[in-house]
Amino acid sequence: MNRNAFTSTPVAAVNETATAVVLQPTTTVQSFMKTDSMLNLRILLALATMALAAQLNAQLTRYEQTLPGKGSKCQINGTSSIHDWKMETPIIAGAFEADPNALQGAADGKVAATASVRIPVRTLKSYNAKMDEVYKQHMEEAKFKNITYKLKELTAKKGELSSLGDLTVHGVTKPVSIPVKIASAADNMLKISGTTKLKMSDFGVTPPNPKIAGLGEIVTGDEITVEFEWVVVNKK
Amino acid sequence: MMMQHDTNQAVTDLTRRSFLRTSSFATFAALMGGIPLRAAEGDAGAYDETKSSDAPPLNFGVIGCGQRGREILATLATMSNGPVVAICDVYAPFVKRAKRSAPKAATYTDYQELLKNADVKGVVVATPTHQHKDIVLAALKAGKHVYCEMPMAHTMEDARAIAQAVRACSKVNFQAGLTYRADPQRLNVLENIRQGAIGKPVMARAQWHKKTSLRRTSASPEQEKLMNWRLDKATSTGLMGEIGIHQLDMACLYLNAQPVSAVGFGNILHWSEDGRDVPDTVQAVIEYPKNIRLVFDITLANSYDSEYEVYYGTDSAVVVRENQAWMFKEVDAPLLGWEVYARKDAFYKETGVVMMANATKLVAQTKEGGELPPTEAPLYKSLEAFITNSGKYGDAVEDFVSTFGEDDKALREYLVQAMENKLHAADVRIGFEATVNAIKVNDAINTGQKIVFKPEWYQL
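Residue numbers (our numbering), protein chains in the order written: chain B, 1 to 236; chain C, 1 to 460.
Hints listed in this document are in silico derivations from the structure and should not be mistaken for laboratory results.
Glycine included, every Cβ here is placed at the ideal spot set by N, Cα and C.
Some hints here could point you the wrong way.
Computed cross-link-like contacts, DMTMM-like style, restricted to lysine to aspartate or glutamate with a CA-CA straight-line distance of at most 20 Å [to be verified]:
| hint | chain 1 | residue 1 | chain 2 | residue 2 |
| --- | --- | --- | --- | --- |
| 1 | B | K181 | B | E64 |
| 2 | B | K70 | C | D407 |
| 3 | B | K145 | C | D395 |
Facing chain B, a subset of chain C residues (Cβ under 10 Å, in silico) [said to hold, decoys possible]:
| hint | residue |
| --- | --- |
| 4 | A55 |
| 5 | P57 |
| 6 | D399 |
| 7 | A410 |
| 8 | E413 |
| 9 | Y414 |
| 10 | N421 |
| 11 | L423 |
Modelling step: build the complete structure from the supplied sequences, incorporating the hints.
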């Protein structure tokens, strides 16, 4: 039996029990409906999946970066032999795509989303000029101007969201898993927040040991805590 | 008739400074029982070490290579992060002289051409005062950071035009050349005064004395006329503007007020034969709120005691010479606390225990009654601030614009945060106000009329 619905060559029935089908280029709907039901089902399923996929993508809303005054903040907390320190920046560039309805009380499983983030390295400031200079040197800022992140997977479990993505610092890319909270905010905005612990050395950054006049040598701790609040807006 | 001879013409300001250091002013202060006010490294507030750093280099273009321009070039030559890539002067011999300090610099006689040089990131405007405005406005348009020598302009209108142009432009850093505003020692004095070191201020005195003609010479009469813009009332803000502006600005800073009124006198008493009409000897009484007056005299006919200010208060008098200061306490003044540990230069041969402001450091560095350790010149600190602040400013603008595009209001808001820890320096408002004050005091001197200062002069 010829199951190829698109052949134009007439084929004689081979098997009396099966329904022979001869499809000519001018196949009508009627004759299509008369074709093998399994084939029908498969075609329909394929079409339906394509339609569903198209529908899903169409439902992802795009949220983009907001100006520094809107509340975005990335803060890095660290330690040293002298005292704890922190650096922060209000500039978190990039875009986030998701269906806002799917984010609230999501069922367990994967949540469709994309995210691409960029933080210019030199915008992170401790407001101590010497420390900022040392930081830029150790991050080799002249060569690696940005910290970037790409979301690979957003998963919901018992109402909590968890992200898995690639973080690139100092030219080194590492997968990171960060629980995140995503809350709606006024004016079509979302606030995405989370925190994670990282090691400088994992990204090839040597913890600085600068000598400061009057204080001696400062040994910086390798482990840092990153806290971020990313405010993004849907520019309808 | 014998030409009046200016023996001091050849003595540059740098030589004069070293003359002062070896002079016996320190001994004089010691004779009067002065306590040096000296910001020590690590002192919070005044010289904040956390603010200074080896900032990345800023490529300089210096426009105006007269004496001041060459002094700036000589200072930049000592700074590893102040490379001079371009120099400009309409007068070729000045360019040639300037090249000694900046051998690798491209040379120009037209500042518009220098501004087209993409290598130049920051410009110094050190031309005659009346030429500042056009050059500063062009430099801002060309996207260069600007360091403008003082006075900013020779008229209120030009000063206002510069200030408004700077405020309209958010993309570059502007610094006025009031060097004392960037000087850690001067800032330390400010902090002491604000914390009550002199008690209630009652009056102030300032002087700037140097026997010098200020005349520049040239083979060509036209060139000589151009070079002596300082001696011509049409283009000069007089001794108060060209010289006194720095100390006048400091008085306003320490007394924490703008002048209320000014009266003054000025005459040519010595340099009367070269056709100048700018007085060579002036006195001014500048009144501040609460009846506090500054008496300020400047002469080009005598060098005695050079340059200093005294701020008199009910608890002490503070004498400031350039960037060194001493406190002379009244016997009934309350103990501030810190002066117990400060170094004192004693009056009698048997000096008391020398106690230092920064006990460990200064004791180690100086012997009893000896010279205080040298500090970097105010001009150095001022240029250092310009290099550091301009670098930070340019980076912040670039980061913002490359991320968010052009949004002037939001950019300005971001810059407030990004420049939070900038080095102390005179911004355009401070430069503008100091220029207004100097112009008006000079007017009082020239007219012999009392001038009452109006708040609207400072409006932009």
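ask   = Which of the stated hints cannot be reconciled with the structure, identified by number in ascending sequence?
value = 5
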